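J.: Listed below, chain by chain, are the residues.
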Amino acid sequence: MPKKYHIEAKAAAPRHTPIGRHGIVDFNEDCAGACHHCVKKECIYDIYRKEGIFTREMPGELHYLYSCMNCLRCVQNCTRAVVTRTVNPEFRWLGDAYWKPEMLLTTWYQAETGKIPVSGAGYRGPFAGPGFDNMWTDMSEIVRPTRDGIHGREYISTSVDVGAKLTELSFDERGQLAVAPPPVLELPVPFVLGIPHFGDWSPGAYEAFARAAQAIRTLCVIDPGLVTPNLEPYRAALAPAVSGATISRHRDAIAGARLVQLEYDDAFAANVAAIKLIAPGAVVTVRAPIDADSHLLAERLVAAGVESITFAANHHGRSGAFGGGEFIKESFRRIHAHLMAKGVRDTVTLIASGGIALAEHMAKAIICGADLVVVDIPFLIALECRMCMNCTLGRPCPVDVAGTPPEHGARRITNLASAWHSQLLEVLGAMGLREVRRLRGEYGRAMFQEDLERETFQALFAGKRAKGQ
Amino acid sequence: MSTQAAITAKITRRPKATVTRFRNAIGKYKVVRTDRCTGCGLCAKLCPHGVHVRYEGYSRTTRPKDHLCRGTWCKENCDYYCIDKCPAGALSMGLNPVYESMGDPRWTPDMILSTWDQAENGRITNETLEPHLGASGGGFDKLRLNFPKEPALKLKPSEVDTHLSLNRRGSGPKVVIDVPWYGGGMSYGSVSPATMVGKAHACMVWNSFTCTGEGGYPPHLYPYDDHVITQVATGLFGVREETIQRVRIVEFKYAQGAKPGLGGHLLGDKNTPAVARMREAVAGTSLFSPFPFHSVYSIEDHKKHVDWVLAMNPKALVSAKVSTPNDVDMVAVGSYYAGVHIVHLDGSYGGTGAAPDIAKKNIAMPIEYAIPKVHQFLVNEGIRDKVTLIASGGLRNVHDLVKAICLGANGAVIGTAEMVALECIRCGACESGRGCARGIATTDPELSLQFDYEWAARRITNLYSSWHAQLVDILVRFGIRSVSELVGRTDLLHHVDYSE
Ligand code: SF4
Ligand code: SF4
Ligand code: SF4
Ligand code: SF4
Numbered sequence: 001m002p003k004k005y006h007i008e009a010k011a012a013a014p015r016h017t018p019i020g021r022h023g024i025v026d027f028n029e030d031c032a033g034a035c036h037h038c039v040k041k042e043c044i045y046d047i048y049r050k051e052g053i054f055t056r057e058m059p060g061e062l063h064y065l066y067s068c069m070n071c072l073r074c075v076q077n078c079t080r081a082v083v084t085r086t087v088n089p090e091f092r093w094l095g096d097a098y099w100k101p102e103m104l105l106t107t108w109y110q111a112e113t114g115k116i117p118v119s120g121a122g123y124r125g126p127f128a129g130p131g132f133d134n135m136w137t138d139m140s141e142i143v144r145p146t147r148d149g150i151h152g153r154e155y156i157s158t159s160v161d162v163g164a165k166l167t168e169l170s171f172d173e174r175g176q177l178a179v180a181p182p183p184v185l186e187l188p189v190p191f192v193l194g195i196p197h198f199g200d201w202s203p204g205a206y207e208a209f210a211r212a213a214q215a216i217r218t219l220c221v222i223d224p225g226l227v228t229p230n231l232e233p234y235r236a237a238l239a240p241a242v243s244g245a246t247i248s249r250h251r252d253a254i255a256g257a258r259l260v261q262l263e264y265d266d267a268f269a270a271n272v273a274a275i276k277l278i279a280p281g282a283v284v285t286v287r288a289p290i291d292a293d294s295h296l297l298a299e300r301l302v303a304a305g306v307e308s309i310t311f312a313a314n315h316h317g318r319s320g321a322f323g324g325g326e327f328i329k330e331s332f333r334r335i336h337a338h339l340m341a342k343g344v345r346d347t348v349t350l351i352a353s354g355g356i357a358l359a360e361h362m363a364k365a366i367i368c369g370a371d372l373v374v375v376d377i378p379f380l381i382a383l384e385c386r387m388c389m390n391c392t393l394g395r396p397c398p399v400d401v402a403g404t405p406p407e408h409g410a411r412r413i414t415n416l417a418s419a420w421h422s423q424l425l426e427v428l429g430a431m432g433l434r435e436v437r438r439l440r441g442e443y444g445r446a447m448f449q450e451d452l453e454r455e456t457f458q459a460l461f462a463g464k465r466a467k468g469q
Numbered sequence: 001m002s003t004q005a006a007i008t009a010k011i012t013r014r015p016k017a018t019v020t021r022f023r024n025a026i027g028k029y030k031v032v033r034t035d036r037c038t039g040c041g042l043c044a045k046l047c048p049h050g051v052h053v054r055y056e057g058y059s060r061t062t063r064p065k066d067h068l069c070r071g072t073w074c075k076e077n078c079d080y081y082c083i084d085k086c087p088a089g090a091l092s093m094g095l096n097p098v099y100e101s102m103g104d105p106r107w108t109p110d111m112i113l114s115t116w117d118q119a120e121n122g123r124i125t126n127e128t129l130e131p132h133l134g135a136s137g138g139g140f141d142k143l144r145l146n147f148p149k150e151p152a153l154k155l156k157p158s159e160v161d162t163h164l165s166l167n168r169r170g171s172g173p174k175v176v177i178d179v180p181w182y183g184g185g186m187s188y189g190s191v192s193p194a195t196m197v198g199k200a201h202a203c204m205v206w207n208s209f210t211c212t213g214e215g216g217y218p219p220h221l222y223p224y225d226d227h228v229i230t231q232v233a234t235g236l237f238g239v240r241e242e243t244i245q246r247v248r249i250v251e252f253k254y255a256q257g258a259k260p261g262l263g264g265h266l267l268g269d270k271n272t273p274a275v276a277r278m279r280e281a282v283a284g285t286s287l288f289s290p291f292p293f294h295s296v297y298s299i300e301d302h303k304k305h306v307d308w309v310l311a312m313n314p315k316a317l318v319s320a321k322v323s324t325p326n327d328v329d330m331v332a333v334g335s336y337y338a339g340v341h342i343v344h345l346d347g348s349y350g351g352t353g354a355a356p357d358i359a360k361k362n363i364a365m366p367i368e369y370a371i372p373k374v375h376q377f378l379v380n381e382g383i384r385d386k387v388t389l390i391a392s393g394g395l396r397n398v399h400d401l402v403k404a405i406c407l408g409a410n411g412a413v414i415g416t417a418e419m420v421a422l423e424c425i426r427c428g429a430c431e432s433g434r435g436c437a438r439g440i441a442t443t444d445p446e447l448s449l450q451f452d453y454e455w456a457a458r459r460i461t462n463l464y465s466s467w468h469a470q471l472v473d474i475l476v477r478f479g480i481r482s483v484s485e486l487v488g489r490t491d492l493l494h495h496v497d498y499s500e
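Protein sequences, first through last, are from chains G and E.
Per this note's numbering, the very first residue in the first sequence carries number 1; after that it's consecutive.
Per this note's numbering, the very first residue in the second sequence carries number 1; after that it's consecutive.
I should point out that these hints are in silico values taken from the structure, not numbers from a laboratory.
Check each hint, because a few of them may be wrong.
[Stated by the list, open to error] In silico BS3-like pairs for lysine-lysine, Cα to Cα no more than 27 angstroms straight-line:
| hint | chain 1 | residue 1 | chain 2 | residue 2 |
| --- | --- | --- | --- | --- |
| 1 | G | Lys-115 | G | Lys-10 |
| 2 | E | Lys-361 | G | Lys-115 |
| 3 | E | Lys-361 | G | Lys-100 |
| 4 | E | Lys-154 | G | Lys-464 |
All values derive from a computational prediction rather than experimental measurement.
With these hints in hand, go ahead and build the complete structure from the sequences.
T.: Next up, the structure:
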């Protein structure tokens, strides 16, 4: 059996105190002072001692660890009831409407540990929500993906192919292959790294991305203009992002590349040809912003022989100039279904970009028809970014992303990727699938809230009168 | 066991105050008394909720028991609002910051506090807390009970019937429980012995069932044999012929809602020597239950399972606990034809055990969709009357229970509500380190001693008493004589988005 693909994880502590959800406030002036078993000593997570050490050793302004686990034992047992707890206001400020504070917290955890987030006490969030939060993936009661469990020795493949696939083969009279198969790039995970549109960047931070891409054996899509000499050792893991105007300038970067991302414009066909001339073995993915007509564009590009398309939504997963448009999962279902109807879906690799924030989003985007996704902001969050947007305003970064030692940063990114990979296995395992390729477009094995609502509550209650009170 | 017998006799269905085991109770409001207090004692006289107490012979009033305070409701509705009445201006009241930091959209702080109130008092004493609706924005939280202004049938509480018959197949043993719910499976090793026995005890008092979960049948459950469901799960941990023969119900756990499609997982830390002995495993190793049953790939295989259990224990009912995939209706029908008595659907949002967050939120459908789907399918198959359909996974209170029944279930399994009755705060940290800091979901020798089983049994019994009283009240208000007549009565519900 070939060696199983596995992303090695190794704990990588944060460089800055992460912002936690809860803070303990105590009113020391009322403290009785004579408790032999002060609740602070009895915290089973040792929060107070850790906070003490932290405040002693971090000179300057006062920070709290906010890593309190909310068991409330100290609050409820304090002799004088002087200990109380509040939600840390800084926690509420993290992220934005789409990138919820909880997402940053779980991403930090995964980047630090490489582990799947696990908790007790059931699901604690809203019933459903916009975006990816109104679909559920299926599971199977009796189909087994492997004989020895999803983390066992047997293989659940997460590999994807990038490039065009031939719909049929033809042979010459001597029985030799008469067609030249187009280049195909196999990646062991259904994602590539992207560079977010904001960030406190430095050559070191880019190096962290490139190094991690290499460790994971995937690619990092990056503007060659940002590539500094320190990224040279990781060149094989870089996928240059160019436009028609910059192809000639970035000849060198394109020459060795396995994947090139080309910005869509009307001259796309000529531009693809120009890239292929420089790098005949490279797969070219044409990147276009996603919109209501993307399925038509996709059809046109496929007809013109384009082997891969990256459809990009904004960082909230939405289309449109101001980002108020359709969510990426709807768009992809439409594009996928359209290409299926035209019988050409397999001749092109679709890449979804924008709004992929959690491991489940990767799986769901694939269910909705993408072959793979671009993951960008989560890897910046892995470098401890708080999404404060200071960097876009020219203010200093509170966590000095730019100063992240590349090796440490790569480690955290790799950890996050490892946790995502494991979570993808969980989803595939639950569905009884042994290949992520088979997940693509399987929306028959997903459940969408609009369908479930229509079939159940709408069917049961629409038009019925609410009697009584 | 003799002390246990003594306690057994003491705990009845009649509510008995069982206060918090912590020094400081948590309430929605915080009442602060400053040094300006002169000790006049007026507030203690005014407040009927017992917030202020001044013991005879003491010059000072005690620290306010502010968990009893009715806060803004009192301010708006009562003429005794102490804050305004204090002659010295020594009192102030505001929302408790701890309250604001508690709970989540599914279990709001109000629902947690109200469950604590019911576990403490055996009834709802604080009507200012919302006990029935969460803030999840969907499912049960968008359904309302459709009470008529006047019930067509005027019933006295003593005339309504809350029994549930668990065997509807027309042959085999009759098993009837007094309330349409039973307790969820929590394994030996995942919760403390006091929790496990406390749950069993309450189920015995209310003539219902508790479940061993996957992890064996510990001797401390022997006195409750007739009220225990033993689980046969994919790991077969602790399953022996003898355990199957002890009980009246055997449950096959095909899947569980908290982690549909994924096996159970007990971390090495929690696998203490005692747990390992029970599971016939090696202490300190992490124990994975495979997924799914490696002996079941078809309904025929499933039937072999059922036959196997019935051969060992012909007096048992068999339940199949399944999760809620797309084809949950087919799964239910197949389970029935294989011979089970109970089809137990476990929706994806509940569960008490540790599970990957990705699974809890994303895999399989919420129970609110699954119940009507399965109910209708069984009706169309013409076998609805032969199946006992039990729902679980995110049912938090009596209204959720009634909604589930009106959507088509016969009854429900509750787990989290029992935990909350034992003062679970829903921090979700059950699996980290030594387990639950509050002593519920832990086998840590020190942490698990924070309460004894008598306290646990009383708290859960109280909660059941409160639920029963509310259920009776609901039936009276509907003018419906029996809980069994509620099944599938969606006309008794309305949906805030769709009903007119
Ligand atoms: S609430 Fe619990 S975890 Fe937080 S500081 Fe207090 S004892 Fe420690
Ligand atoms: S933490 Fe703020 S300043 Fe630093 S990279 Fe992130 S958004 Fe930019
Ligand atoms: S009414 Fe005011 S002054 Fe009198 S006991 Fe109460 S708090 Fe003190
Ligand atoms: S660890 Fe927290 S969520 Fe788990 S049982 Fe204890 S109090 Fe409840």
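J.: Out of the numbered hints, which ones does the structure contradict?
T.: Failing hints: none at all.
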